[in-house]
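Peer 1: Given next are the chains, with one letter for each unit.
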Amino acid sequence: MSTTRLIEFRDALREGMSEEMRRDPSVFLMGEEVAQYQGAYKVSRGMLQEFGPQRVIDTPISESGFAGLGIGAAMMGLRPIIEFMSWSFSLVAADQILNNAPKMLYMSGGQFKVPIVYRGNNGAGGQLGSTHSWSVESMYANVPGLKIAIPFDPYDAKGLIKTAIRDDNPVFFLESERLLSVKGDVPEAEYLIPLGQATVRRTGSDCTIVSFGRPLYFCMEAAETLASDGIDCEVIDGRTIRPLDIETIVRSVCKTNCCVVVDQSWPFASIAAEVAAQVHERCFDDLDHHVVRVHSDDVPPAYAYNLEQEMLPNARKICEAVRTVTYNA
Amino acid sequence: MPTMATPPATQRNLAANLPDQTLRKWLRDMLLIREFEVRSMQAYQNRKIGGFLHIYIGQEAVAVGVIAALGRDDPIITAYRDHGHALARGMDPKHCMAEMFGRIGGCAKGKGGSMHMFDKTNQMFGGHGIVGAQCPLGVGLAFATKYLDEVINSGASSRVTTCFLGDGALNQGAFHEAMNLAGILDLPIVFVCENNGYSMGTSVDRGTTMAHQITAKALAYGIEHASIDGMDVMTVYDGVKPVVDRCRETSRPAFLELRTYRYKGHSMSDPRKYRTKEQEQQYEAADPIDRLANFLMTQHNLAQKEYDALVKEIRAQVREAIKWAEASPPPGSEELYTDVYADVWGPYLGTSQPPMLDETQQDQA
Ligand SMILES: Cc1ncc(C[n+]2csc(CCOP(=O)(O)OP(=O)(O)O)c2C)c(N)n1
Ligand SMILES: [Mg+2]
Numbered sequence: 001m002s003t004t005r006l007i008e009f010r011d012a013l014r015e016g017m018s019e020e021m022r023r024d025p026s027v028f029l030m031g032e033e034v035a036q037y038q039g040a041y042k043v044s045r046g047m048l049q050e051f052g053p054q055r056v057i058d059t060p061i062s063e064s065g066f067a068g069l070g071i072g073a074a075m076m077g078l079r080p081i082i083e084f085m086s087w088s089f090s091l092v093a094a095d096q097i098l099n100n101a102p103k104m105l106y107m108s109g110g111q112f113k114v115p116i117v118y119r120g121n122n123g124a125g126g127q128l129g130s131t132h133s134w135s136v137e138s139m140y141a142n143v144p145g146l147k148i149a150i151p152f153d154p155y156d157a158k159g160l161i162k163t164a165i166r167d168d169n170p171v172f173f174l175e176s177e178r179l180l181s182v183k184g185d186v187p188e189a190e191y192l193i194p195l196g197q198a199t200v201r202r203t204g205s206d207c208t209i210v211s212f213g214r215p216l217y218f219c220m221e222a223a224e225t226l227a228s229d230g231i232d233c234e235v236i237d238g239r240t241i242r243p244l245d246i247e248t249i250v251r252s253v254c255k256t257n258c259c260v261v262v263d264q265s266w267p268f269a270s271i272a273a274e275v276a277a278q279v280h281e282r283c284f285d286d287l288d289h290h291v292v293r294v295h296s297d298d299v300p301p302a303y304a305y306n307l308e309q310e311m312l313p314n315a316r317k318i319c320e321a322v323r324t325v326t327y328n329a
Numbered sequence: 001m002p003t004m005a006t007p008p009a010t011q012r013n014l015a016a017n018l019p020d021q022t023l024r025k026w027l028r029d030m031l032l033i034r035e036f037e038v039r040s041m042q043a044y045q046n047r048k049i050g051g052f053l054h055i056y057i058g059q060e061a062v063a064v065g066v067i068a069a070l071g072r073d074d075p076i077i078t079a080y081r082d083h084g085h086a087l088a089r090g091m092d093p094k095h096c097m098a099e100m101f102g103r104i105g106g107c108a109k110g111k112g113g114s115m116h117m118f119d120k121t122n123q124m125f126g127g128h129g130i131v132g133a134q135c136p137l138g139v140g141l142a143f144a145t146k147y148l149d150e151v152i153n154s155g156a157s158s159r160v161t162t163c164f165l166g167d168g169a170l171n172q173g174a175f176h177e178a179m180n181l182a183g184i185l186d187l188p189i190v191f192v193c194e195n196n197g198y199s200m201g202t203s204v205d206r207g208t209t210m211a212h213q214i215t216a217k218a219l220a221y222g223i224e225h226a227s228i229d230g231m232d233v234m235t236v237y238d239g240v241k242p243v244v245d246r247c248r249e250t251s252r253p254a255f256l257e258l259r260t261y262r263y264k265g266h267s268m269s270d271p272r273k274y275r276t277k278e279q280e281q282q283y284e285a286a287d288p289i290d291r292l293a294n295f296l297m298t299q300h301n302l303a304q305k306e307y308d309a310l311v312k313e314i315r316a317q318v319r320e321a322i323k324w325a326e327a328s329p330p331p332g333s334e335e336l337y338t339d340v341y342a343d344v345w346g347p348y349l350g351t352s353q354p355p356m357l358d359e360t361q362q363d364q365a
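Chains as they are written, first to last, in the working numbering: chain W, 1 to 329; chain D, 1 to 365.
Be careful, since some hints might not be right.
With a cut-off of at most 20 Å between alpha-carbon atoms, the simulated SDA-like pairs for lysine to any residue come out as follows [said to hold, decoys possible]:
(1) Lys120(D) with Gly110(W)
(2) Lys113(W) with Arg206(D)
(3) Lys25(D) with Ala303(D)
(4) Lys113(W) with Lys25(D)
(5) Lys120(D) with Gly77(W)
(6) Lys162(W) with Ala342(D)
(7) Lys113(W) with Ala342(D)
(8) Lys113(W) with Val340(D)
(9) Lys120(D) with Asp168(W)
(10) Lys113(W) with Ala303(D)
(11) Lys113(W) with Asp343(D)
(12) Lys113(W) with Glu334(D)
(13) Lys113(W) with Tyr337(D)
Simulated restraints, written as ranges between beta carbons of each label pair [what the hints assert, rightly or not]:
(14) Asp24(W) with Arg272(D): 46 to 54 Å
(15) Glu221(W) with Ile130(D): 40 to 48 Å
(16) Asn328(W) with Lys120(D): 55 to 63 Å
(17) Arg22(W) with Asp73(D): 23 to 31 Å
(18) Asp288(W) with Glu326(D): 54 to 62 Å
(19) Glu50(W) with Ala286(D): 41 to 49 Å
(20) Ala277(W) with Gln213(D): 42 to 50 Å
(21) Thr202(D) with Tyr303(W): 36 to 44 Å
(22) Met210(D) with Arg22(W): 46 to 54 Å
(23) Arg22(W) with Lys25(D): 42 to 50 Å
(24) Arg22(W) with Ala286(D): 40 to 48 Å
(25) Gly46(W) with Glu150(D): 18 to 26 Å
(26) Asp186(D) with Arg316(W): 48 to 56 Å
To be clear, the hints were calculated from the coordinates, so they are not data collected in a lab. Glycine is no exception: its CB is placed at the ideal position from the N, C-alpha and C atoms.
Construct the complete structure from the given sequences, taking the supplied hints into account.
Peer 2: Written out as structure tokens, the structure reads:
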């Protein structure tokens with residue numbers, strides 16, 4: 001057994017990026033405040049000192065510009081890591097990240113790969129209001145040619161970011177500001193987590209709960225509550241949204257015969273809607289109840305503490321959903 | 001602090017002192033582009049080409065003159081009016097035509113089309129369909145060449161990226177962000193704005209402030225700039241070459257306005273009601289191909305007979321390209337799902353299997 005350390009999510013991300021930058025000189029980090037300021041959320045703390053200003057590069061507030069710069073650099077053979085201070089600000093770079101990055105390989109008939117990682121905070125940060133609380137995954141997941149990873153804990157953050165950097169496709173890496181200080185065990189030794197491989201966070205026999213990223217914490221909390229009522233939940237962390245490891249989900253649903261999907265984005269045309277549709281197609285005869293989805297409410301995120309809390313998925317909503325599908329309501 | 005740039009002192013007669021065969025090559029390239037475009041329009045009318053088609057006729061001196069000022073390893077990137085750049089850069093007209101025909105022999109296997117010409121071998125990083133969107137990409141190419149030379153190979157930055165754009169792109173945020181980034185990061189990139197007077201039906205003064213002096217945009221970014229007559233290939237070369245050389249040396253960006261004119265409509269559906277026949281004739285009278293041909297005839301003993309033979313040879317070449325493109329089969333349905341991802345993790349891992357995948361599975365069964 002290799003030794004592990006208890007480190008923060010942000011440190012795990014930095015370790016992953018730094019290891020890849022040591023390993024491969026074509027990797028560089030660029031974004032707003034990543035260098036001299038040491039990262040708006042201190043993810044890149046110390047990286048400027050280690051790698052110097054040619055590889056850890058501050059940009060002006062110019063998302064379209066540097067998101068596109070990364071694509072050009074990737075077409076030329078580099079492996080950029082582009083940090084968005086928040087995925088909410090990726091919207092002003094939508095043309096670059098959705099129209100250029102994921103289509104270049106196809107439009108060029110296979111000539112130009114775009115091995116790029118876009119990363120930053122996604123999801124409600126905590127009373128940031130409507131413009132700053134985006135969960136972009138459902139909207140962006142509609143686009144072929146890109147991959148989306150959404151890590152749950154420091155271990156996954158490091159393992160997934162390293163794989164994302166080595167991937168030859170554009171990878172959107174969705175972190176959560178609310179998780180950056182979460183601590184977890186991370187091995188000293190190098191490891192990678194493949195994209196497209198879900199993991200079972202809790203085994204159970206009565207109901208499958210599928211989720212991605214931060215809401216998994218609410219799923220785990222709900223599973224504990226439900227366990228005390230005698231409902232034994234299996235919690236699946238998809239880890240990546242594209243590719244989606246539907247096989248792991250299907251295997252679980254065939255065992256539990258019911259399924260709740262928890263998704264922090266809005267309900268209309270969402271990741272959870274997609275997972276539910278696929279589960280219905282694949283597990284129709286195994287299901288005791290149709291899939292129930294738990295989302296953020298279909299409204300812009302409010303500033304007021306109580307309204308924001310009310311809007312987001314939480315353990316109470318998940319418990320209700322599980323009770324519904326298991327006929328324990 | 002970037003120094004406030006002054007227009008470069010254009011070195012006169014650079015082109016005039018080039019070897020005879022270089023100038024003849026330029027004439028050939030311009031004639032090829034023109035003939036290629038004439039035949040493209042016909043093919044479009046015959047419904048061999050679909051989608052949008054943007055014709056480069058009138059602007060040939062820009063692509064040919066600018067590209068002549070570059071090295072073979074210097075990347076270029078442009079917008080959707082891109083056939084001229086592709087051909088001037090050395091793409092075989094067969095592959096260019098086949099791309100527009102949507103055939104597997106196209107430079108992008110028929111998956112890009114007229115607006116999206118890519119040619120890795122010739123360092124052509126695409127035609128790009130979204131106005132202005134190529135500018136940040138161009139900055140990225142320049143960033144990468146510099147990074148590869150300096151960080152990875154521990155040498156000196158040696159390549160210059162050329163990013164072509166239309167006058168319409170001056171009004172896009174992406175252009176301005178790109179200029180600012182290029183200036184702040186000291187990147188070796190030359191923005192070449194082909195000011196052909198119009199973005200679709202909007203004349204440049206209706207869409208852009210300081211239309212009489214668009215180089216003022218560069219002034220705001222502390223970027224060297226100049227306006228150059230884009231209707232004369234030798235003037236283009238004389239104006240561009242020193243700028244490219246200086247850019248290579250100093251790794252500082254530059255912005256060039258190339259004053260030119262598109263003889264045809266914006267795309268094939270444009271009746272050009274927004275301008276007069278007289279204006280068009282005025283530009284056509286100063287045609288860049290005629291100008292170079294005249295120069296070669298008066299100064300380099302190009303005989304009318306030789307010129308006629310060249311025209312004939314090019315006609316045959318383009319005819320051949322069309323034949324070749326027609327003979328090239330459409331991309332097989334397996335191409336639908338290749339190049340979506342660099343590695344093969346398959347198509348949409350979702351619900352409905354695409355029918356042709358079902359077929360292959362049946363075949364295997
Ligand atoms: C972002 C965006 N908006 C609108 C269009 C539609 N459009 C295509 S070309 C064009 C005019 C652009 O003119 P200019 O940049 O001067 O280039 P030119 O056609 O003269 O070569 C417009 C409006 C587009 N392709 N992209
Ligand atoms: Mg124009």
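Peer 1: A separate judgement is required for each hint: does it hold in the structure or not?
Peer 2: Against the structure, the hints come out as follows:
With a C-alpha separation of about 10 Å, the suggested pair Lys120(D) and Gly110(W) falls inside the 20 Å cut-off, and the hint holds. Only pairs whose Cα atoms come within 20 Å are accepted, and Lys113(W) paired with Arg206(D) is rejected, the gap being roughly 39 Å. Of the pairs offered as hints, the one joining Lys25(D) and Ala303(D) holds, with about 15 Å between alpha carbons and a cut-off of 20 Å not exceeded. Restraint check for Lys113(W) and Lys25(D): the C-alpha separation of about 33 Å exceeds 20 Å, so the hint is violated.
Taking the CA atoms of Lys120(D) and Gly77(W), the gap is about 12 Å. The hint holds against a cut of 20 Å. For the hint linking Lys162(W) to Ala342(D), the alpha-carbon distance of about 17 Å falls within 20 Å, and the restraint holds. The hinted pair formed by Lys113(W) and Ala342(D) meets the criterion: a straight-line CA distance of about 7 Å does not exceed 20 Å. For the hint linking Lys113(W) to Val340(D), the alpha-carbon distance of about 10 Å falls within 20 Å, and the restraint holds.
A distance of roughly 17 Å separates the Cα atoms of Lys120(D) and Asp168(W); the hinted pair therefore holds under the 20 Å criterion. For the suggested pair Lys113(W) and Ala303(D), the alpha carbons sit about 48 Å apart, so the restraint of at most 20 Å is broken. The hinted pair formed by Lys113(W) and Asp343(D) meets the criterion: a straight-line CA distance of about 10 Å does not exceed 20 Å. At roughly 19 Å between alpha-carbon atoms, Lys113(W) and Glu334(D) fall within 20 Å of each other, so this suggested pair holds.
Taken as a hint, the Lys113(W) and Tyr337(D) pair is honoured in the structure, with Cα atoms around 15 Å apart against an allowance of 20 Å. Roughly 52 Å separates the CB atoms of Asp24(W) and Arg272(D), a value that falls within the hinted 46 to 54 Å. For the pair Glu221(W) and Ile130(D), the beta carbons lie near 44 Å from each other, so the given range of 40 to 48 Å is met. In this structure the supplied range 55 to 63 Å holds for Asn328(W) paired with Lys120(D), their Cβ-Cβ distance being about 60 Å.
In this structure the hint that Arg22(W) and Asp73(D) lie 23 to 31 Å apart at CB holds, the actual value being about 29 Å. Between Asp288(W) and Glu326(D) the beta carbons are some 59 Å apart, a value that agrees with the proposed interval 54 to 62 Å. For the hinted restraint 41 to 49 Å between Glu50(W) and Ala286(D), the CB-CB distance of approximately 58 Å leaves it violated. As the Cβ distance of Ala277(W) to Gln213(D) is approximately 57 Å, the hint placing it in 42 to 50 Å is violated.
Take Thr202(D) and Tyr303(W): their Cβ atoms lie about 41 Å apart, and the range 36 to 44 Å holds. In this structure, Met210(D) and Arg22(W) meet the distance hint of 46 to 54 Å, their C-beta atoms being roughly 48 Å apart. A C-beta distance of roughly 47 Å is found between Arg22(W) and Lys25(D), which places it inside the suggested range of 42 to 50 Å. Taking 40 to 48 Å as the suggested C-beta distance range, the pair Arg22(W) and Ala286(D) does not conform, at roughly 58 Å.
At roughly 23 Å, the beta carbons of Gly46(W) and Glu150(D) sit within the given window of 18 to 26 Å. For Asp186(D) and Arg316(W), the hinted distance range of 48 to 56 Å is satisfied, since their beta carbons lie about 55 Å from each other.
This entry does not satisfy hints 2, 4, 10, 19, 20, 24, going by the numbered hints stated previously.
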